[in-house]
Each structure stands twice: as C-alpha cells, then as structure tokens.
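Keeping the supplied structure of chain B fixed, place chains W and G upon it in accordance with the hints.
So the chains spell out like this:
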Amino acid sequence: MKLLSRQILFSETCGMALAALAVCACGRSGDMEPVVVGGDAGRGRAALIAYECGACHRIPGIPGARGNVGPPLDDFVERVNIAGRYANDPARLVDWIRHAPALKPQTAMPDLGVSEIEARDIAAYLYE
Amino acid sequence: MSAARPQSTLDPATGSSASAIDELGLVLYVGAAVILAVVSLLALLGVLTGPRSVNARRWLIGGGLILPATILAALFVHALIVGNSLMAKTHASMLRIHVTGKQWWWEVRYESADGRPEAVLANELHIPLGRPVEILLGSSDVIHSFWVPALAGKVDMIPGRETRLIVRADRAGVYRGQCAEYCGAQHALMAFHVVAEPAARFDTWLTRQSQPAIQSTGPQIEPGRDLFFRGGCAACHTVRGTEAAGRSGPDLTHVGSRHAIAAGTLRNHVGTMAGWIAGPQDIKPASLMPNSAEYTGAELRTLSAWLMSLE
Amino acid sequence: MPMRHIHTPQFLLRHKFLFGALGACVLLLIGVISGIAILLSGVLSTAATTQHAAFTHWLLDTGLRYSLRANADDIEPPDLSDSALIHRGEACFRAHCVQCHGAAAMAREPHGLGMMPIPNDLAQASREWPAGWLYYVTSKGVRMTGMPAWEFRLSDTDLWSTVAFLKTLPQLTRADVLRIGSLPRSYCVSEAGAIAPRTGDDDLDERGETLLRQYGCHACHRIEGVVGPDARAGPPLADWPRRRYIAGTIPNTPENLARWIRDPAGISPGTLMPDLGVTESHAREMADYLFAQE
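Protein sequences appear in the order of chains B, W and G. Taking the working numbering, the leading residue of the first sequence gets 1, the next gets one more, and so forth. Taking the working numbering, the leading residue of the second sequence gets 1001, the next gets one more, and so forth. Taking the working numbering, the leading residue of the third sequence gets 2001, the next gets one more, and so forth.
Extracted from the complex, chain B is given alone in its bound form:
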C-alpha cells in the first residue's frame, strides 16, 4: 500500500495548506481599530462593572451583563454608527457614554455622571 498512501498523504497536505491559506485570506483587512487616546481597557472593564451597564446591555466579558434594554455591545469596533445617528469614532463614543440624553433626548440611556477618563477607558474596552 506504500504508493497509494503516499498519494493520499500528498493530496491531503495540499488540501490542508490551501484551506489554511483560505482562512488567513478571510481575515479583516485594513486598520479598523480606532485608538482611544488615554483609554485603558482593563480599567474600562472595571468601570463597566462598577456602573453596572450590564443592567441594560449585553457586554462580552462582563459577568452578569445580560440586559436587553439597550443593544448588545459586542463587536463594537465594527459598528458604523452609534445610537443610529453618530459616526462610530472614539471622540463621539466618549461623548455618548457621558451625555446620552443631551445628544438624543428620546433615549432610555441615562446620564450617570461618567467622567472623561472613565468614558475613555470604557470606550477602549468596547473597541477591543
């Protein structure tokens, strides 16, 4: 069976190599991850837990965050818009986190007095 097993091995290796190539090619291209100046994702996670944002939002990596009042916050970096009206960039996200009712009077999201630094940290975590 030596000849046949070598053939099979060769074609299998070719197949796997090309499959691996396919997976790599499917990854997202371009630099999409916005950099939040002065934001620390670790502190952001702590802030999200402290403010209990999970009472209204599903947030990946935050225990107990299973609220459905607001939209889920996973893959946030890929969203085109915030709250259906603002471009999704760090400055506007920080603004939204801090002053949602002022930006959108109809929103259910409250103003919790989040500081600038805390908001930047939260944004950094969400963009990860």
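Calculated directly from the structure, the hints in this document are not laboratory data. All the pointers check out, no bait thrown in.
Derived contacts from chain B toward chain W, CB cut-off under 10 Å, selection only:
{"no.": "1", "residue": "53"}
{"no.": "2", "residue": "55"}
{"no.": "3", "residue": "67"}
{"no.": "4", "residue": "108"}
{"no.": "5", "residue": "111"}
Built from N, CA and C at the ideal position, the CB exists for glycine as well.
Quick look at chains W and G alone, frame taken from chain B:
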C-alpha cells in the same frame, strides 16, 4: 464605610456572634493543631527509634482516656458558655425587627414605638452599634434562611413559624447577607444588606424611614409620579404618602436611599433602576415583576429619576 | 499477503471498484483545490468593463432561458390590448425602464450603459418572448445582473400594464418613441395596498425574509434568516423578541416595530435610518417575522 470583606465569616464584626463563633473556631483549630503535632511527633518517634518496652496501661488510660476526656470536657464547657452568650435573653426594650422572606426578596419591618409609626422597607436593615437587636424571622411562601456571615449564623425562615436571631455589631460597616436555603429559581440572587451605624445616625435613619415619601419637585422628576401610576406599579408596590398601596412587591417609599435594588442584585442608581423597570426578566428570570412595555425612553428615565428621589 | 503482489495488475483489476472510487475522490479533491486557488488568486475579473468569454455569455444566457421556461411558461397574461392598460404602461416604462433599456432612437442613460450584461433591447425581447416571460422577468428581476425585481414596488396591474406597453414597442416609430421620451417623467406609483399582497399559501417565514430583502433592510442590518452582506451600519436584528426597546426610544412590541419601520425619523428625529416607503401591511409582516425569530 463598607467592610473590606462585607460577607466573610473570616472577617466578622467585633462584638457579633459571628465573632464569638470565630473565636471558638480558632480555639478548636489551634487545639486540634497542637494535638495533631504531639501525636505526629509520638508516631514519628515510634517509627524512628527502635522497639522498647513501655507501660501500655499508662499510655492507654492516660493518653487514650484521661487526656481526651479532659480536653473535650474543657472544650465542651467553653462551647456551652459561648453558645449561651449567643442566645441572649430578650427584653422588652430591645429593638425588634421583623424580616419576612419572600420569593425572592426580604420584607423588613420595624415595629412602631415612642409615637413613631412602623417603618416598612425591603432588602436592607440598619442596626445601632453596641446593642443586641432581635430579628424575628418568618416566611410567606417557602423556607428561606437568613444569613449575614459577618454578623451571625444562619437561621431558617419557615412558613407558619417565627424564628429568632439576636444580632449585635460593635464595628460600623455595611454587611452583606444572603439567603441560605434553596428557595426557587432566583435563590442565588436574593441578598440583602445590614448597616451597622452609631445610635444617633440610626435614630435619624429610622425616623425618616417611618415617614411617608418626601416627594421632590422639578420638571425632570415630578412627571415620574404619574408614570408610576400609569404603568400600574401601584398594583404591587406601596409608596406611603401616595395612593400606591400594593403588597406583592417591596415597599418603595424610600427606595432611593437603599444600597441596592432587586434584593442585592444591582447597585442603586438611575441607570440600574431604569434597566430593572424595563427588563426585570432579563436580570432575574422568573421573578414576579414583569417586563414593562409601557414607557418611552425619556419616560423611563423620568420614572427612574422620581424613584431615586424617594430617599 | 506478500507486499510485491500489491502492484500486480491482477490485484488492481480484482479491486477495480475500490481503486476507481479512490481515483475519483483524488480527482475531485484536485478540482476543489484548484477552484479554491483560482478564487483566492483573484484572477477572475469582476470588472464590468472586461467582457465575458463567449462561452460564459452563452452559458448564462441559456441558463436564463431555461429558467424562464421552467418558471414562467405557465403564466397566463390578462387581456393586453386594453388601451387604458397600455397608457398606464407607457408611464411606467418612462418612469422605470427607459433609463437602462433605452428604446429605438433613445439612448440609455450612463448607468444603463455601464452595466454588464447590457440591459437588452425591449422591442426585440417583446417579439421573441411570450408575455408571461416578460412579466416574470419584470416582476422577479434577474439576479447578478442589473435587472431589479419590481414585484414589491409595483402592483400586479401596473406590472401587466408595463408588459402590455412592451408588446406595442416593436410597432412604435422614431417619432412615437421620442414623444414618449419627452413626456415629463411621471412617477408610476402603485396603490400601496395592492403591492405584493399576502396570499393564502404564502410561507410566512419566507415572505418576511423576502420583504426584508426587497426593502433593503439587510444592506444595513444583519438579520436572522437573511443572507446578505456583513452589514454593520445598523444594529443586528437577531433574537428580536428579547429586545426591550426599539432604537432605545419606544418599547419593543409588534405594533411599535411596524410604526418604527414606516416612520423612523418621526419617532427618533435625527436617526440615520431612512424612510423606505414601506406599506402598512408589509411593515406588519416584517415585524411579525422578526418577532418569530427566537
């Protein structure tokens, strides 16, 4: 002002029964450790040194009968004394708090006294420092268990019976307690807080709690009251000082001043309050409060702000 | 069995089925790998300026005809000689068709010229194809070409009136066509309730999913059960019954959702979600679809 580990039996409040039990435990651990060391040493000696003759009877009766009997008797007496001190006798002037376990929250009632009407609240107790307080425990549905690890042991709350617990704290702080008897779907999210504070502050707090709701005014807050009634909240909740007199859910007269809501599940601020009102079934599935589809986003915030203003 | 016997012809012949199957698998594998390699190399042109190979063109064209034969042969047209119908069809042709298809003596507009395949000459199609085929293509569109589906934008009457007019195209003179071309671009608007009404034997899931696509919702939202681009302009519409609020502004109920779909800016001024001209019954169907997703 919270303790570093508010729910730990390893960090009990001074003067509490948890502290006494902790000391007793320490005595047992240390004593057992000493005995273990001695016995291990003897065993080691026996193995390492050669065989030799010993007076078997002396070792058996002395080490196997007299020594253990003495130690155990001493421990027994000590434990009896500690146990007896925990079961302090009640007297008429003792502060009495009624706590009723419900699925899945705690109804707290301070009896009326000295012209002060009774105070009804939920999920939070305050006790004055340095005084034993009697807590009368009951249940309106299934068996629950009242447990504040840093203050005392567990006492079951059995429907149809009244059980007692004496609690005392000499160290100020906010202690967290939890239900300790499986009672249904949300047993895990049935917690409460006990705040131990100086007597003067406690008196101020209790007086305020026994008063009807102090309602704030202002365009951001006032409409919240109408929203509360429009949404049918009064069917289950009481807000003393308004027409709301529902009994199925917690008393909300001073809900804004509590440490947590949903029986210790969420911190207490405008955001969590709004999230709880709109979607309690997402936070605590199967709890008796239904999801609300009544309010627009702005109305939800207004209602939440009004409730938070009831301090 | 000694090893040297394996390579003998008798061994191969005795197990010919096994070796035949193995050979076929290997060939299949080589085919799949080659296909993946061609796809990943990007050697297949997607430019509309590069022409098809003649064989490819023939293949696609023939495929269309056979599909129409299978799906549109048994469509019975109404009486297409009615002059009111034809007059209405003229307005629809002017409003929606002539930009891409042009007509005799009337050139296509730039977006029609830039398409591949080029939108064909409708006078010829009307001579060569039965009315049922014309109706089917107009109503359902042709995927992977520039021909849109009009079923969800025009009522059945208006679709047939367009076909009725198309059938008169071969008879029109240059002067006729230029007259039509100079008409104001009257907008052929169908009565809302008559556009793609729900019928008794509709599969509700399929209908909801079709409506969401035909109103372009999947261009901005990832929707459960709808195949489309990895759209991130709007939030994902998955697990919809679980959501408590629509756009953070109104409670999530089927009635509110239908209201939102029809007039998002009226409920949340400043929203980037456009007014899609969704009819009331269609909005309700889409809301029901979303609420049926677990």
